[in-house]
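S.K.: Residue strings, one per chain:
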Amino acid sequence: MQAKVGELREKIMPGGRAMILAYDQGFEHGPRDFLENPESRNLEYILDIAKRGEFTGIVLHAGLAEKYQSEIQDSKVPLILKLNGKSELYTEEDPYSPQLYSVEDALTLGAAAVGYTVYSGSKYDDQMHQEFSKIVREAYSKGVPVIGWMYPRGKSLFDRKSASKTFKIALEQQEKNNLAIDETPAIVAYGARIGLELGADIVKVKYTGSPESFQWVVQSAFPTKVVMSGGTMTKTDEEFLSRVEDVLTAGAAGIAVGRNVWQRKDPLAISKRIHQLIFGSQKKA
Amino acid sequence: MQAKVGELREKIMPGGRAMILAYDQGFEHGPRDFLENPESRNLEYILDIAKRGEFTGIVLHAGLAEKYQSEIQDSKVPLILKLNGKSELYTEEDPYSPQLYSVEDALTLGAAAVGYTVYSGSKYDDQMHQEFSKIVREAYSKGVPVIGWMYPRGKSLFDRKSASKTFKIALEQQEKNNLAIDETPAIVAYGARIGLELGADIVKVKYTGSPESFQWVVQSAFPTKVVMSGGTMTKTDEEFLSRVEDVLTAGAAGIAVGRNVWQRKDPLAISKRIHQLIFGSQKKA
Amino acid sequence: MQAKVGELREKIMPGGRAMILAYDQGFEHGPRDFLENPESRNLEYILDIAKRGEFTGIVLHAGLAEKYQSEIQDSKVPLILKLNGKSELYTEEDPYSPQLYSVEDALTLGAAAVGYTVYSGSKYDDQMHQEFSKIVREAYSKGVPVIGWMYPRGKSLFDRKSASKTFKIALEQQEKNNLAIDETPAIVAYGARIGLELGADIVKVKYTGSPESFQWVVQSAFPTKVVMSGGTMTKTDEEFLSRVEDVLTAGAAGIAVGRNVWQRKDPLAISKRIHQLIFGSQKKA
Amino acid sequence: MQAKVGELREKIMPGGRAMILAYDQGFEHGPRDFLENPESRNLEYILDIAKRGEFTGIVLHAGLAEKYQSEIQDSKVPLILKLNGKSELYTEEDPYSPQLYSVEDALTLGAAAVGYTVYSGSKYDDQMHQEFSKIVREAYSKGVPVIGWMYPRGKSLFDRKSASKTFKIALEQQEKNNLAIDETPAIVAYGARIGLELGADIVKVKYTGSPESFQWVVQSAFPTKVVMSGGTMTKTDEEFLSRVEDVLTAGAAGIAVGRNVWQRKDPLAISKRIHQLIFGSQKKA
Amino acid sequence: MQAKVGELREKIMPGGRAMILAYDQGFEHGPRDFLENPESRNLEYILDIAKRGEFTGIVLHAGLAEKYQSEIQDSKVPLILKLNGKSELYTEEDPYSPQLYSVEDALTLGAAAVGYTVYSGSKYDDQMHQEFSKIVREAYSKGVPVIGWMYPRGKSLFDRKSASKTFKIALEQQEKNNLAIDETPAIVAYGARIGLELGADIVKVKYTGSPESFQWVVQSAFPTKVVMSGGTMTKTDEEFLSRVEDVLTAGAAGIAVGRNVWQRKDPLAISKRIHQLIFGSQKKA
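Line by line, the protein sequences give chains Z, X, S, L and G.
Per my numbering, the first sequence starts with residue 1, numbered consecutively.
Per my numbering, the second sequence starts with residue 1, numbered consecutively.
Per my numbering, the third sequence starts with residue 1, numbered consecutively.
Per my numbering, the fourth sequence starts with residue 1, numbered consecutively.
Per my numbering, the fifth sequence starts with residue 1, numbered consecutively.
Misleading hints may appear alongside valid ones.
For chains that are exact copies, the list does not tell them apart, and a pair is met inside one copy or across any two.
[Claimed, not checked] Derived DSSO-like pairs (lysine-lysine); straight-line CA-CA distance at most 30 Å: (1) Lys134 <-> Lys76; (2) Lys168 <-> Lys123; (3) Lys142 <-> Lys176; (4) Lys265 <-> Lys67; (5) Lys155 <-> Lys51; (6) Lys67 <-> Lys11; (7) Lys161 <-> Lys235; (8) Lys161 <-> Lys123; (9) Lys123 <-> Lys165; (10) Lys272 <-> Lys51; (11) Lys165 <-> Lys265; (12) Lys165 <-> Lys67; (13) Lys235 <-> Lys272; (14) Lys76 <-> Lys265; (15) Lys168 <-> Lys265; (16) Lys67 <-> Lys134; (17) Lys165 <-> Lys235; (18) Lys76 <-> Lys123; (19) Lys176 <-> Lys11; (20) Lys123 <-> Lys155; (21) Lys272 <-> Lys168; (22) Lys67 <-> Lys272; (23) Lys11 <-> Lys134; (24) Lys123 <-> Lys67; (25) Lys4 <-> Lys76; (26) Lys76 <-> Lys11.
It is worth saying that the hints were derived from the structure and are not from the lab.
Source: prediction; values computed, not measured.
Whole structure, please, built from the sequences with the hints as guidance.
M.R.: Below is the structure:
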């Protein structure tokens with residue numbers, strides 16, 4: 001078991017470094033994310049980027065994972081099945097992203113790892129902490145690595161009357177560093193820590209604005225590995241690449257990126273530059 | 001398994017084309033839908049249309065499927081068991097249509113496929129996404145094709161303060177093309193995409209007003225097949241047939257229709273014209 | 001299985017006609033229903049009426065069914081176990097009647113059929129439709145007939161802003177025929193139809209005021225059998241018997257009656273007159 | 001099975017009479033109930049009363065039942081495991097007392113019977129009716145007697161706009177006899193009847209103020225046995241003993257009492273007088 | 001079984017005394033608790049304190065327990081798996097701390113005991129009482145000791161209109177002794193008693209301000225053992241040590257402490273002084 005989880009961790013994090021292609025946006029944001037680059041609506045196009053860009057994993061929902069099972073297998077890009085998801089058609093300040101597939105489903109579909117989004121701070125976070133914890137327990141027993149999308153969110157985070165000390169620290173950081181509340185080191189580090197406490201192998205978190213602050217995130221999650229979430233497309237390639245450098249400096253294991261790759265005119269070009277930053281100084285596994 | 005699902009897909013979509021007779025209105029709208037053509041309240045009358053009109057499937061709830069099991073079998077029209085449903089006796093802006101039967105029940109009743117309505121955008125869409133996903137997983141493992149009635153609905157879709165970008169695009173389309181919000185390409189394509197992401201074989205969606213806009217729906221769901229929902233009876237036969245032509249031009253696999261057939265004076269006449277449009281250029285399977 | 005369900009259907013509906021004694025009022029209304037005729041609080045008294053009145057079934061909750069199991073068996077009156085129930089101690093406009101016993105429990109207690117109340121139109125109707133549907137599926141697989149108490153109820157039925165077309169038709173009928181909204185043919189027929197769609201063998205519904213309107217109910221539920229619910233005690237025997245005649249004329253299979261029998265001074269006398277109406281023209285099975 | 005349940009019923013109701021010592025107050029009211037007689041906080045003290053006072057059962061939660069398992073066994077006082085409970089730390093007009101242990105747990109702990117509180121009239125009574133019913137079904141199949149604490153409670157009971165006829169009768173009784181609403185015969189008898197309908201062997205109910213009115217309660221629950229709940233400590237011993245006489249006159253099987261015994265200076269003295277009233281005219285089993 | 005639970009109780013309470021190191025704060029409060037002493041974010045640092053400070057147990061969530069399984073085993077400090085938890089990112093007056101791991105998970109991770117927080121008084125306390133009770137039943141059957149974090153909390157505790165007698169006593173104590181409502185002996189003793197009633201082996205509770213009042217807590221929980229919760233760091237070492245002395249005088253079995261140890265400059269120094277107080281007069285096990 002432990003041998004197997006180690007082997008699969010190495011598969012999606014060769015030499016401890018990860019470069020993951022996120023493609024669950026069709027569910028989370030809908031087809032409007034494909035308007036920038038219409039070809040991006042098609043998994044075959046995306047899979048080609050993943051393969052030629054030497055990504056260490058691709059994140060999919062079960063529908064695409066099933067319909068393109070043989071193409072994914074042929075590409076040799078490890079499949080990361082995203083086990084929960086929600087659409088933006090329903091909007092509520094306190095989000096809940098329900099579990100849609102099981103660890104068993106992931107294994108049936110040939111996945112090398114599973115992912116799950118945790119909105120700690122939402123009034124439904126009890127359900128998500130429970131679902132995530134059960135996934136980790138089951139995945140652990142079956143030797144499958146787990147990636148937590150740790151995104152603190154919800155009304156509590158914006159409630160200035162909140163008694164929470166974490167929130168008070170976050171407010172100071174927000175004002176001082178001109179960050180959104182869910183990008184402050186206090187909040188991001190807390191999300192990452194919850195990932196560790198519940199047993200995630202990797203946590204995917206937002207960028208906190210500087211290498212110094214991101215280091216606190218990495219330290220708070222240690223020994224769980226941290227990857228930065230790509231987020232919305234930046235104006236320039238350089239802006240994005242500079243963030244990647246920052247988090248690597250801070251000790252991150254890499255990134256999980258979608259729109260900043262496949263919404264661009266030349267997805268492969270930026271993929272290669274990202275690869276160079278993450279794996280450049282490493283011998284290839 | 002895969003062989004079986006392929007075989008059953010071919011049964012309800014010969015040559016990749018579908019012409020499905022919907023008859024779950026007794027549950028969804030009640031007997032008032034039968035007032036236009038009182039004979040339509042009787043399944044034997046409907047089954048005769050399905051058979052002589054060469055429909056590739058008939059949609060029923062379990063009660064009728066069970067009580068007329070041998071007649072359905074004799075008719076050779078493939079049975080599509082609708083696994084959820086709700087009545088219009090209870091009205092709430094955020095609808096929930098609960099699962100009433102299992103994939104196992106469908107197999108016991110001799111069904112060739114199963115259907116399920118997903119109201120993404122409702123505050124209960126977490127439950128429907130979960131139920132639908134579990135149905136797809138189970139159906140996939142048992143070789144049964146799944147059809148998703150993908151109908152985004154709920155208060156969020158009408159909330160102008162909503163932060164969702166999809167909604168902003170939909171609002172522009174609504175104003176420009178004089179469509180209901182749940183008929184805009186942005187919303188319909190999102191519903192269809194959720195069907196793909198969750199693994200549906202076919203998605204049933206509303207018409208979006210033009211072949212161009214419907215093409216975006218078809219492309220967003222690819223490789224899941226798209227059929228147009230018939231909806232309320234149009235004033236003339238031509239109005240309905242022109243929509244059928246539009247969606248076929250846009251790449252749809254066909255239609256799923258009820259009232260536009262069996263509320264008419266001559267259900268068989270329009271059935272034959274629809275059949276000609278969908279299968280006319282095809283060799284029959 | 002099918003042989004068994006057929007046999008049991010014949011037992012509670014000899015020759016397709018039903019005369020059922022309802023005795024779940026101790027739960028639904030409490031002991032106040034026994035004040036009119038204090039002996040009626042005792043099952044032995046009731047069972048004697050059922051036997052001598054030649055009823056084709058008696059409706060009980062599990063407590064009485066268990067405590068008088070041998071007396072019921074000796075009486076040869078088929079037991080119909082009522083699987084759900086609620087008391088009037090809790091009052092809410094949107095009612096929910098939870099399932100209290102299983103089909104398995106019914107078989108253990110020697111029941112020939114099971115019953116369940118469905119309040120379609122209540123905001124909890126999703127739960128009741130689900131519970132009822134599961135009961136029907138299980139009962140069907142075990143060869144047990146199912147009777148649905150189909151009573152549309154809830155705030156939606158009284159909400160004049162409701163968008164439902166069924167409600168608009170019901171409002172017209174209400175005004176024209178001086179009926180309560182839940183006695184209008186539109187509403188009663190819808191409830192009956194839901195019983196058919198979900199697979200009930202018999203539906204128990206309210207009287208709609210005339211044989212003509214009740215025929216629409218019977219036709220909407222076909223081939224599910226329809227029995228009229230007895231309701232509160234009418235002023236005279238004749239008033240009640242005239243209703244029985246009306247529904248039989250309309251095609252009903254019979255009635256399910258409680259208070260109109262056992263709250264009267266001479267329960268046996270009226271039972272015999274009801275029996276004559278329902279079975280008079282029939283050869284006895 | 002039936003032999004076993006009969007044997008156990010005889011154990012807690014020798015000759016059909018019951019004298020039960022209630023000791024679940026540590027959960028329901030907390031340590032403040034022990035302030036009157038501080039020794040009463042200790043089960044060993046209570047068990048000694050139960051034994052020497054010749055009680056026919058002692059009511060405990062699982063923690064005490066487990067920690068004093070051998071002492072309870074040695075005392076020969078039959079254990080009645082209380083399967084649900086709630087603390088007064090949380091106060092809501094509509095109470096819910098969740099099931100905490102199973103019938104199986106009760107058997108593991110050596111219990112001769114199980115108890116459960118049902119707050120009919122609370123908006124959560126659907127859950128309690130369901131839990132209680134499942135307990136009765138399971139206990140019945142395992143030969144374990146069930147005692148229902150039938151305490152109608154909740155906002156509906158105080159809502160003067162309530163349409164329920166039971167409530168109207170209760171209001172008249174309240175005014176006429178100067179009783180709390182949940183002590184009126186209409187309400188208490190309804191609670192008792194629900195116990196019968198669901199299958200309880202014994203129901204524990206409040207005193208209704210007179211032997212005449214309590215007789216209606218006993219008759220409404222027949223053949224389920226009725227015991228009076230002791231309630232808060234009365235000013236004098238005589239006041240309490242007079243109530244005991246009243247309910248025995250009315251046909252009750254006995255009482256279930258806690259504070260009126262172990263909050264008194266001499267618990268054994270009053271126990272003996274109660275014993276004399278209940279069993280005095282009987283030969284001892 | 002009983003032999004095993006006895007053996008494990010002795011392991012975490014040698015000679016009936018307990019000195020437990022709490023380290024679930026990363027989940028409950030987040031990384032901000034590590035700001036005082038940044039090394040405290042790392043389990044290896046904490047484990048070293050636990051080992052050298054001769055703690056009789058260390059409290060962890062499953063993530064850390066799994067990632068440091070071999071280090072924990074080598075340290076010989078017994079693992080206490082905390083089975084539920086919540087983060088302060090979500091703030092609600094009525095808290096719910098969901099179960100995240102099972103007793104089975106605890107055994108897989110090599111735990112010697114399990115812990116669970118119960119917020120009696122919260123509107124969700126029904127769920128927590130149920131979860132805790134099931135944990136105790138299962139742990140008991142597998143021979144694993146259970147520690148209850150008994151922390152009454154929620155809106156009801158602050159509602160001056162509350163009818164609860166416990167609350168009235170607590171209010172008097174609050175005013176007289178200048179305590180927070182959840183530190184009053186009435187409230188703390190009630191929480192402890194619930195732990196006993198549900199079957200906890202040890203309850204962890206707040207300090208009540210004096211040895212006299214804490215004795216009532218200890219007596220109310222007897223024979224369940226009581227340990228004091230360390231709470232936020234006191235200004236001086238002496239202040240904290242004086243509390244430890246108080247509770248030991250009152251009959252407590254020891255303490256469970258986190259921040260008052262590992263937020264200090266010299267965690268080992270204070271650990272030794274605590275150890276001396278708790279075990280000084282004992283022969284070492």
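S.K.: Against each hint, give a clear statement of whether it holds in the structure.
M.R.: Tested hints:
1. Proximity of Lys134 and Lys76 under a CA criterion of 30 Å is satisfied in both settings, with 29 Å inside one chain copy and 27 Å between copies.
2. For the identical chains of this complex, Lys168 and Lys123 are neighbours both inside a copy (19 Å) and across copies (27 Å), given an alpha-carbon limit of 30 Å.
3. For the homomeric pair Lys142 and Lys176, neither the shortest alpha-carbon distance inside one copy (45 Å) nor that between copies (53 Å) is at most 30 Å.
4. In this assembly of identical chains, the alpha carbons of Lys265 and Lys67 lie at most 30 Å apart only when taken from the same copy (27 Å versus 42 Å across copies).
5. Taking identical chains as interchangeable, the C-alpha atoms of Lys155 and Lys51 are never at most 30 Å apart, the minima being 40 Å within one chain and 41 Å between chains.
6. Taking identical chains as interchangeable, the C-alpha atoms of Lys67 and Lys11 lie at most 30 Å apart whether they share a chain (23 Å) or sit on different chains (19 Å).
7. Only between protomers do Lys161 and Lys235 lie at most 30 Å apart by alpha-carbon distance; the minimum there is 27 Å, versus 36 Å within a single protomer.
8. With identical chains, the CA atoms of Lys161 and Lys123 are at most 30 Å apart both within one copy (16 Å) and between copies (21 Å).
9. Proximity of Lys123 to Lys165 under the C-alpha cut-off of 30 Å is found in both arrangements, the shortest distances being 18 Å within a copy and 24 Å between copies.
10. Within a single copy, Lys272 and Lys51 get their C-alpha atoms as close as 11 Å, which meets the 30 Å cut-off; across copies the closest is 48 Å, which misses it.
11. In this homomeric assembly, Lys165 and Lys265 come within 30 Å of each other (Cα to Cα) only across copies, at 22 Å, whereas the closest approach inside a single copy is 44 Å.
12. For the homomeric pair Lys165 and Lys67, the shortest alpha-carbon distance between copies (28 Å) is at most 30 Å, but the shortest distance inside one copy (47 Å) is not.
13. Taking the shortest Cα distances, Lys235 and Lys272 sit within 30 Å of each other inside one copy (18 Å), while across copies they are farther apart (55 Å).
14. With identical chains, the CA atoms of Lys76 and Lys265 are at most 30 Å apart within one copy only, with a shortest distance of 25 Å there and 52 Å across copies.
15. For the homomeric pair Lys168 and Lys265, the shortest alpha-carbon distance between copies (25 Å) is at most 30 Å, but the shortest distance inside one copy (42 Å) is not.
16. In the homo-oligomer, the alpha carbons of Lys67 and Lys134 lie at most 30 Å apart both inside one protomer (27 Å) and across protomers (16 Å), since each shortest distance falls under that limit.
17. For the homomeric pair Lys165 and Lys235, the shortest alpha-carbon distance between copies (18 Å) is at most 30 Å, but the shortest distance inside one copy (35 Å) is not.
18. Proximity of Lys76 to Lys123 under the C-alpha cut-off of 30 Å is found in neither arrangement, the shortest distances being 40 Å within a copy and 39 Å between copies.
19. In this assembly of identical chains, Lys176 and Lys11 lie within 30 Å of each other by CA distance neither inside one copy nor across copies; the values are 40 Å within and 50 Å between.
20. With identical chains, the CA atoms of Lys123 and Lys155 are at most 30 Å apart both within one copy (8 Å) and between copies (17 Å).
21. With identical chains, the CA atoms of Lys272 and Lys168 are never at most 30 Å apart, being 41 Å at best within one copy and 34 Å at best between copies.
22. In this homomeric assembly, Lys67 and Lys272 come within 30 Å of each other (Cα to Cα) only inside a single copy, at 28 Å, whereas the closest approach across copies is 33 Å.
23. In this assembly of identical chains, the alpha carbons of Lys11 and Lys134 lie at most 30 Å apart whether taken from the same copy (23 Å) or from different copies (29 Å).
24. Taking identical chains as interchangeable, the C-alpha atoms of Lys123 and Lys67 lie at most 30 Å apart only when they sit on different chains, with a minimum of 29 Å there against 35 Å within one chain.
25. Both within a single protomer and between protomers do Lys4 and Lys76 lie at most 30 Å apart by alpha-carbon distance, with minima of 18 Å and 27 Å respectively.
26. For the identical chains of this complex, Lys76 and Lys11 are intra-copy neighbours only, at 10 Å inside a copy versus 34 Å across copies, given an alpha-carbon limit of 30 Å.
In this structure, the hints that do not hold are numbers 3, 5, 18, 19 and 21, in rising order.
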